[in-house]
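**Q** Spelled out, the chains give:
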Amino acid sequence: MRSAPLSAGAALQAFAAELYPICRSITGAGVRQTLRLINRHIELDWHEVPSGTKVFDWEVPLEWNIEDAWVADADGRRVVDFNAHNLHILNYSEPVRTALGLEQLKPRLHTIPAHEDWIPYRTSYYHRQWGFCLRHRELASLRPGRYEVVVDSSLAPGSLSYAESVVPGRSRDEVLFFTHICHPSLANDNTSGMAIATALAAWIAAAPRRYSYRVVFAPGTIGSLCWLQRNRQRLGRIRHGLVLGLLADPAPFTYKRSRRGDCEIDRVVEYVTRSIDPRTRVMDFEPYGYDERQLCSPGFNLPVGRLTRSVNDGYPEYHSSADNLALMSASQLEQGLEACKQVIELLESNRRYINLSPRGEPRLGKRGLYGAMGGRSPADRERAMLWVLNQSDGSASLLDIAQRSGIGFPALKAVADELEKASLLRAARPARPSKPKKAAPARSVRRKRPDIRSTGRRK
Amino acid sequence: MRSAPLSAGAALQAFAAELYPICRSITGAGVRQTLRLINRHIELDWHEVPSGTKVFDWEVPLEWNIEDAWVADADGRRVVDFNAHNLHILNYSEPVRTALGLEQLKPRLHTIPAHEDWIPYRTSYYHRQWGFCLRHRELASLRPGRYEVVVDSSLAPGSLSYAESVVPGRSRDEVLFFTHICHPSLANDNTSGMAIATALAAWIAAAPRRYSYRVVFAPGTIGSLCWLQRNRQRLGRIRHGLVLGLLADPAPFTYKRSRRGDCEIDRVVEYVTRSIDPRTRVMDFEPYGYDERQLCSPGFNLPVGRLTRSVNDGYPEYHSSADNLALMSASQLEQGLEACKQVIELLESNRRYINLSPRGEPRLGKRGLYGAMGGRSPADRERAMLWVLNQSDGSASLLDIAQRSGIGFPALKAVADELEKASLLRAARPARPSKPKKAAPARSVRRKRPDIRSTGRRK
Amino acid sequence: MRSAPLSAGAALQAFAAELYPICRSITGAGVRQTLRLINRHIELDWHEVPSGTKVFDWEVPLEWNIEDAWVADADGRRVVDFNAHNLHILNYSEPVRTALGLEQLKPRLHTIPAHEDWIPYRTSYYHRQWGFCLRHRELASLRPGRYEVVVDSSLAPGSLSYAESVVPGRSRDEVLFFTHICHPSLANDNTSGMAIATALAAWIAAAPRRYSYRVVFAPGTIGSLCWLQRNRQRLGRIRHGLVLGLLADPAPFTYKRSRRGDCEIDRVVEYVTRSIDPRTRVMDFEPYGYDERQLCSPGFNLPVGRLTRSVNDGYPEYHSSADNLALMSASQLEQGLEACKQVIELLESNRRYINLSPRGEPRLGKRGLYGAMGGRSPADRERAMLWVLNQSDGSASLLDIAQRSGIGFPALKAVADELEKASLLRAARPARPSKPKKAAPARSVRRKRPDIRSTGRRK
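Residue numbers (our numbering), protein chains in the order written: chain R, 1 to 459; chain C, 1 to 459; chain E, 1 to 459.
Rather than coming from a laboratory, the hints here were simulated on the basis of the structure. Just so you know, these numbers come straight off a predicted model, no measurement behind them. Don't be surprised by glycine CBs; every beta carbon is placed ideally from N, CA and C. Please note that a few of the clues may not be correct.
Unchecked claim - Facing chain R, from chain C, some residues (calculated, C-beta under 8 Å):
(1) Pro358
(2) Arg359
(3) Glu361
(4) Pro362
(5) Arg363
(6) Gly365
(7) Lys366
(8) Ser377
(9) Arg383
(10) Leu386
(11) Trp387
(12) Asn390
(13) Ser392
(14) Asp393
As the list claims (entries may be wrong) - To list a few chain R residues with every Cβ distance to chain C over 12 Å, as calculated:
(15) Glu18
(16) Asp45
(17) Ala99
(18) Ile354
(19) Met373
(20) Ala414
Hey, can you work out the whole structure from these sequences and the hints?
**A** In structure tokens form, the structure reads like this:
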């Protein structure tokens, strides 16, 4: 992938396929293997948070690893086998080695009755138990009798892994991308998000920008909580953020607004995705979903929205073995990456300007910016200039002007650049976030919190 | 009625029927008899305001009482007879004993030409005159000739009567209900309001609540003005209010917003009545109607809406003898009472909460508040919890959350109670009213205003 | 016209016809002749601004005058002749006397290919060149050969002329009307605006009002910039303004909102024009059009809207010889004038009032303002009184009340007058403009700016 750049949908799909078979969870070897694959493409700051670390109201659990697991019938035939599909194990199952009658076993067996051929994805991170997931058709075919059950897993002190790609910009203000890396062999959820976030981070790293960028790869819930705790002195710098996931299924985009609902990121993502695909759906924030649950909890309330195609719980294959590579398409992945890039470009360009000749229109003709002959309709470019000049009192952003005028953002950006060059316009200082927080240097924070280890930057 | 509780529609209807035949006016024996009947069911603070008392721009008029009134033809036959229907007399007619030709008499005779068989309801409280109301068909049948006219009424110094049921709560903040008691034999307008207000006051008195409650029974206009003057030092305590009337006719509910238009009472009554009957109509404030005219005048501008079914002037039988007991139904009355009770319950429960674990989601599972197995959709109750926790930064009320989430208020109230019990939530202090006023103790105000007599509490 | 008042559409049309043949431009004899014709009907303060005067980012150009211009073929036949139509000359053409082959000539010849029989209107105020405009059919018929070209024009130091009719009112707060006077033989654009503005100024002058009024007649762009510069210390006084133009074509009214979008003028003009013609279109501000471009530039941002019928660039005949007297109708002109008058009347009357008896309703009956008999529906006049009294806390204007109540403005104005007479209402002080500016006396400003000559008031 390093030789063939990630920008093509095929490359995204190939990388997703590489990530798909790994048995991930919120801790353990699967997450680390995933991060290593990502790390091949981008530099990562890698963090390990030890088991037992208090994280707000939570605690990092024991690290879970698994070697093998099966249910075998009286003939020794493995009727459920972790080696066949890693969804077969209830994720985070404690180790067990026992034999049970079918009736005793059944409460440990999870299926989706409505989809007889799909294996469900089930977890039990915080309630210690074991169990298996299987096709309902398989469950139905189990005959009474005694079954051997083996879960060769371990729950032991270790750590939770997460990593981030950080690209400093001219400003310390940050744009945050966030994707969850804890789901085992589910394709859309979330090899799609991981592949796009990786390619996006590579693209970001290629050229420094106005904003600083941070792309976080972390296990859901406890992973984002660890990240929030680790970064809580620096959250005031986050000006815009986007959670990425479910970006390869056939549905059009769904943008879920931030909890605040009226952030710049909300307007920018809606504008970009609708311009790419008018079928884009925009939904209000709700406190169920991915890591926006934590990022937008009332104690943080970050300006973070979420971009997906289908939504969590919103497509039949969700959280089942049917969410496999066949559900994903290269073109959808590529369009998802494209949307993220355009969001960045729009955020970078979405300045507010000050008209330096605000009393009346400036004389554009003498600067070669306006046609020499009057009486005719102005050209589109001239009209765009009049809009930018008229609205540039420091309160309207280029996106505001685009939406008010109906003129496309790129055309306005182009004339704003020309007008700036002609000294008729200057960029206004960015508005400060509504609730500035003291920003402590990241490094000192790290030293102060020995409960969170950082293994530093790997490349 | 004391033995059979008022909650059933039949009891409401029976009480309305008891009130119906009384010849009420803004002063006099009819009002007092009405209050005595109400006083059988609930404790009342009874007030008498002497004739001549200045009340803002008004003055309490002479007390009006009537014994008999008729118009008799040359044969001595009573062609209009107060004994047959007390709408026959122009309410507040001065006494007269005379004989007149038909043409002289006619300007004193009021009918509804469009409804030949209905007697209109007409009054002349402040312009001294006499007159009769009759069916247009009867007027048409009067033959030329001399008519004897007798109005055996009195206009003499006395007092205006009003009464209120006051139930103190844990807070001095008050919820006000207001109903007019001045209309003679009109059923929907307003034996319906009187019956429901009486039953509501009885229900309120059965258990103390957060708010203090005040249910006022007063003659229209001059009665509410007397109440406002008498209570003007305490109006700042009124947090929510509702004028009740016209609650038994077949129409669905109509809620008329407060003059402010965006009070909590506006949202609560709309929510409750629409949930009871989706056909509920909501109308903006207008300065014509019942005592909201005075309560919402610009010098008071109280947070008071109005609940009716049909509106004043909005049904054909309005202010005529056709507004009789047949227009009313027990089920409509019962539903009206039910709506008022639900409004109270919602106001009592409509707290704003503070999430005590606001950084990220609290770990509900360890408190037994969330399912042990992950990967599945959250249960409705879990979803409700996430909503309450996410929104509880002290700014959103449970009703705000209900309307934003689409989850029913009772479900949110139930999980808020659970979360409060689990120390994850605490109620925020209620927001103070926008224009707090100094609240003087009621008793001292009474002493200071000798022009307003109070006969004290009767039971 | 002085003997026959301008109020009739026929008079407006006659005056427009008188103005039509003049070859106007942004400077020169045509503008002065136009102002002299206007000056016959109204007093004018006349201003001359010398060539070379710096005006914000601009400069007053050399004065342009033209005696004759033609293109003649080899036979001496004038194939394009300024005497035939003054649109034939590219407005502001520099003098030339030459002979050219057809191919060399063609780039100087402007047509409208889509409308073969119309002569376009083209200008080149700031880029020195010469050219001719002609029918596309004429261009097509030109045979190869040599053509004599004569433009007998002059570009020489002189001045730009504009004038204004100023009628002081009781308040120094001003209402501004603005119309452009630079277009040569184009009828709708803008003899219609000039005729209506003249008649309006005459009507305004007939009676002093609350506001001061200023009707400005100025060349487009550079003319309004001169006016803005000359008056920049006094712009804070302008409370409402309206640019007038294109008011005689068959289309219904179009009101273009001020840049602010929520000014009183925006609501007033929309209310008035919709009540005259429900087909009235209202459009948001855009920075292309007439002198609202300058008046609403971000450095001034005046509360100025624009009233037209068709909009600039919005009808086929726009800026061509087809915009001639046949496009105009007397009734449209008359309706346009009527709209302006009603706007003034509404602005004058659109007071905010204080209810002087705000606690409860005042007793209207004892003042003879309310019917003596109760029980009936209130009369429309009574209902209007209740609305005005209820809303008059100093925050709602009569127009606010009209829009909230659905009662017509005139009816509300009538009862407000009655209530004021009855001492129940008093007018609130007008709200100050949001950005008050220091207002220097006009005369001293004139003295301080020797670069702008004023020839004083002519009558």
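**Q** Each hint should be assessed against the structure and marked as holding or not.
**A** Cross-check of the supplied hints:
{"no.": "1", "hint": "Pro358", "verdict": "holds (3 Å)"}
{"no.": "2", "hint": "Arg359", "verdict": "holds (4 Å)"}
{"no.": "3", "hint": "Glu361", "verdict": "holds (6 Å)"}
{"no.": "4", "hint": "Pro362", "verdict": "holds (4 Å)"}
{"no.": "5", "hint": "Arg363", "verdict": "holds (5 Å)"}
{"no.": "6", "hint": "Gly365", "verdict": "holds (5 Å)"}
{"no.": "7", "hint": "Lys366", "verdict": "holds (7 Å)"}
{"no.": "8", "hint": "Ser377", "verdict": "holds (5 Å)"}
{"no.": "9", "hint": "Arg383", "verdict": "holds (6 Å)"}
{"no.": "10", "hint": "Leu386", "verdict": "holds (4 Å)"}
{"no.": "11", "hint": "Trp387", "verdict": "holds (6 Å)"}
{"no.": "12", "hint": "Asn390", "verdict": "holds (4 Å)"}
{"no.": "13", "hint": "Ser392", "verdict": "holds (7 Å)"}
{"no.": "14", "hint": "Asp393", "verdict": "holds (4 Å)"}
{"no.": "15", "hint": "Glu18", "verdict": "holds (24 Å)"}
{"no.": "16", "hint": "Asp45", "verdict": "holds (21 Å)"}
{"no.": "17", "hint": "Ala99", "verdict": "holds (24 Å)"}
{"no.": "18", "hint": "Ile354", "verdict": "holds (34 Å)"}
{"no.": "19", "hint": "Met373", "verdict": "holds (54 Å)"}
{"no.": "20", "hint": "Ala414", "verdict": "holds (40 Å)"}
Of the numbered hints listed earlier, not one is contradicted by the structure.
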